[in-house]
Amino acid sequence: MTTAALNLGDLGFDRGAHVLVKHALRDIGVGERLAVTGSSSDLGLHLRAWCRAQGHEFEPGPGGGLVTRGGAEVGRWKGAETAGLPDPARQGAVVDQPPGRWGLAARGARVEAGSPEFRFGIDDKDLVWAEDIPRLYAQAAAAQWDPATAIAWDTPFTLPDEIEDAVVQVMTYLIENETAALILPARFAGLLHPHFREAMQLLAIQAADEARHIEVFTRRALLKRPQLGLSTAGGQASLKTLLDEPDFALAMFLLSVLGEGSFLSLLWFIRDHAPDPVTQQVATLTAQDEARHVAFGLAHLSRHVEHDPGLRPRLAQAIETRYEALRQTAGLNEEVFDALVLLTAGAWNAEAIGKGHDQVVGLAREMGEGREKRLRRLGFGGDEAARLSELHTRNFM
Amino acid sequence: MKDQLLLGAVAYDPKVVTIWDGFKAWFDRHDLPFDYVLFSNYEQQVESHLAGQVNVAWNSPLAWIEAREAGERAGRRARAVAMRDTDQDLTSVIVVRSDASIRTPADLKGKRVAVGAADSPQATLIPLLALSEAGLKPGHDFEIVFHDVLLGKHGDHIGGERDAARALSEGTVDAACMMDGNHLLFTREGTFPAGRTRVLAQTEPYDHCNFTVFETAPDALVDRFTRFLLEMSYEDPEVRPLMDLEGLKRWKPGRLSGYRPLETAVGRFGTLDRWLGEMSAR
Chain A
673 MTTAALNLGD
683 LGFDRGAHVL
693 VKHALRDIGV
703 GERLAVTGSS
713 SDLGLHLRAW
723 CRAQGHEFEP
733 GPGGGLVTRG
743 GAEVGRWKGA
753 ETAGLPDPAR
763 QGAVVDQPPG
773 RWGLAARGAR
783 VEAGSPEFRF
793 GIDDKDLVWA
803 EDIPRLYAQA
813 AAAQWDPATA
823 IAWDTPFTLP
833 DEIEDAVVQV
843 MTYLIENETA
853 ALILPARFAG
863 LLHPHFREAM
873 QLLAIQAADE
883 ARHIEVFTRR
893 ALLKRPQLGL
903 STAGGQASLK
913 TLLDEPDFAL
923 AMFLLSVLGE
933 GSFLSLLWFI
943 RDHAPDPVTQ
953 QVATLTAQDE
963 ARHVAFGLAH
973 LSRHVEHDPG
983 LRPRLAQAIE
993 TRYEALRQTA
1003 GLNEEVFDAL
1013 VLLTAGAWNA
1023 EAIGKGHDQV
1033 VGLAREMGEG
1043 REKRLRRLGF
1053 GGDEAARLSE
1063 LHTRNFM
Chain B
376 MKDQLLLGAV
386 AYDPKVVTIW
396 DGFKAWFDRH
406 DLPFDYVLFS
416 NYEQQVESHL
426 AGQVNVAWNS
436 PLAWIEAREA
446 GERAGRRARA
456 VAMRDTDQDL
466 TSVIVVRSDA
476 SIRTPADLKG
486 KRVAVGAADS
496 PQATLIPLLA
506 LSEAGLKPGH
516 DFEIVFHDVL
526 LGKHGDHIGG
536 ERDAARALSE
546 GTVDAACMMD
556 GNHLLFTREG
566 TFPAGRTRVL
576 AQTEPYDHCN
586 FTVFETAPDA
596 LVDRFTRFLL
606 EMSYEDPEVR
616 PLMDLEGLKR
626 WKPGRLSGYR
636 PLETAVGRFG
646 TLDRWLGEMS
656 AR
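Residue numbers (this note's numbering), protein chains in the order written: chain A, 673 to 1069; chain B, 376 to 657.
Everything labelled a hint here was simulated from the structure, so no lab data went into it. Since this is a predicted model, take the numbers as computed values, not measurements. By construction, the Cβ of each residue, glycine as well, lies at the ideal position given by its N, Cα and C atoms. It is possible that some hints are incorrect.
As the list claims (entries may be wrong) - Quick list of the computed label-pair ranges, beta carbon to beta carbon:
| hint | chain 1 | residue 1 | chain 2 | residue 2 | range |
| --- | --- | --- | --- | --- | --- |
| 1 | A | L863 | B | K627 | 45 to 53 Å |
| 2 | B | S608 | A | G772 | 41 to 49 Å |
| 3 | A | E704 | B | K390 | 44 to 52 Å |
| 4 | B | A656 | A | G701 | 52 to 60 Å |
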């Protein structure tokens, strides 16, 4: 039998000699020998102790010792599994149902057998995945903006008191809606099997987007006023039905495709009719993020519907159930509706108010058309899409 | 006693419960009726073993000698059925500070030598034997500074050796004794800063723990227990964490050739004289 050789020079085990010994042992087979030499004073002593702990045989030798490789390291990795592949574009990279024993391991890592069994609530690729998700994540990561600098908060402007009050009310409404939109992805990010890395990252970034939105809406509301506006029971009841939905597909459908889809129209509307430059910038930036959230929802739900035709009736049912639950509530509160009219009017006079009113009514129509379009993308027929869009909460989100 | 193998082990650390609960579950799955009891010290374990209250004892090397000696006096025959791979061919070292003028063990005359617990084979008895064989009389030619962490646990707890090492680093003693593996550990974790200490002497190799049985143990169960141990594989993800906790890569058949240094030390220092006398008197 040949004996491999390793000279450690003056490197001792007190300064990492084991790294070189380990490396050299990996180049020989189990049962083969490695002669280790070096000039470190305690080399023989430490090599003996290290070999014993690692399961290698040791015989003292001149200037070091003779190591016979044991089988423990090979044994440790026997039965290990490779947890998919890191590049999601490669065939088989993202598996349909990653096992709980892969746990928190990076996708593509080699996982030791005997790792603890994790229980993730969402471990089905059909529920969460879409080929487009890695691209959406990259886009989301690249599009992050700093609320402190992205908006020119010190731009001078003055609005009539009534219009400023209306802006504060709209912002107050937006904040509570965005809070629901933060909680849902944050909750599901914690349930997702981390194997679906980019989906988990996208949900996390979505929650971070909403955190930023809450900040900028609050800051705009308090720019000229010491306090916020009103929060109605009906508005909260509508949002509560979103938080009460435990199913990922249904909750994300109601939130992203219908709610945030409608919000996208609302934010574009505010951008286009903002009475002041700060409100206009706030709406512009937040709308960009919301568009991505809608795209994510549509992407994974389109794939899900394709793989599971039974999902579509469940989605329809979810809209109907929510409609029934909210039937007795007031829908969009009058304060918010009126505030939107005033915000759009931009001036406190009958002519401007009339015009603003017409535009807000137009907004509701646009929202409905947007919802219909997205429902058709999920495979709902024209009439069904129109009917379901009609049933969507009057609270927009 | 039920028809099961009852093992005795000493609770030197809370992890002992995890280890033996784990092995018990594994033996259960392999249809070996097995249970364990924990003792607070090895002397009580050996006494209970002799009294037939346990069938097999997970003994320190000193407890092995206690069981063998006390057993012989009672007309009993002890044998070691298995041990860890890491129980074989240990050595201990006597360490001094690099800048000390101590060059040979004889230079320790009149000095203070830190050891572990009084009943620790690796950190006290075997290193003191090495100094004795170098011509020094422990406690007479040099002062022994004990670090009695958890006496009765035969130095299983690393604390005594670490305290001895710290005493050397801090300069309150002139030399410190410890197992080779702990010297490596203290060097790597910085208890011994790089280059500040030097190994004065290394003992001859010796063996550590074993599973001890007396001839009265149920042979069939002991045989199955031993076979299961020897067949246990580090490749098995179920037992690997337990083997890691217990500090081994594989179990080996018990051997007695590695206990000679400790037997000599115990004989020379009269370590067990009093205890054996008390046991015989009962």
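How the hints compare with the structure:
1. L863(A) x K627(B): 45 to 53 Å: 47 Å, holds
2. S608(B) x G772(A): 41 to 49 Å: 24 Å Cβ-Cβ, so the 41 to 49 Å window is violated.
3. E704(A) x K390(B): 44 to 52 Å: For E704(A) and K390(B) the Cβ distance comes to about 34 Å; the hint is violated.
4. A656(B) x G701(A): 52 to 60 Å: 58 Å, holds
In this structure, the earlier hints numbered 2, 3 are contradicted, and the remaining ones agree with it.
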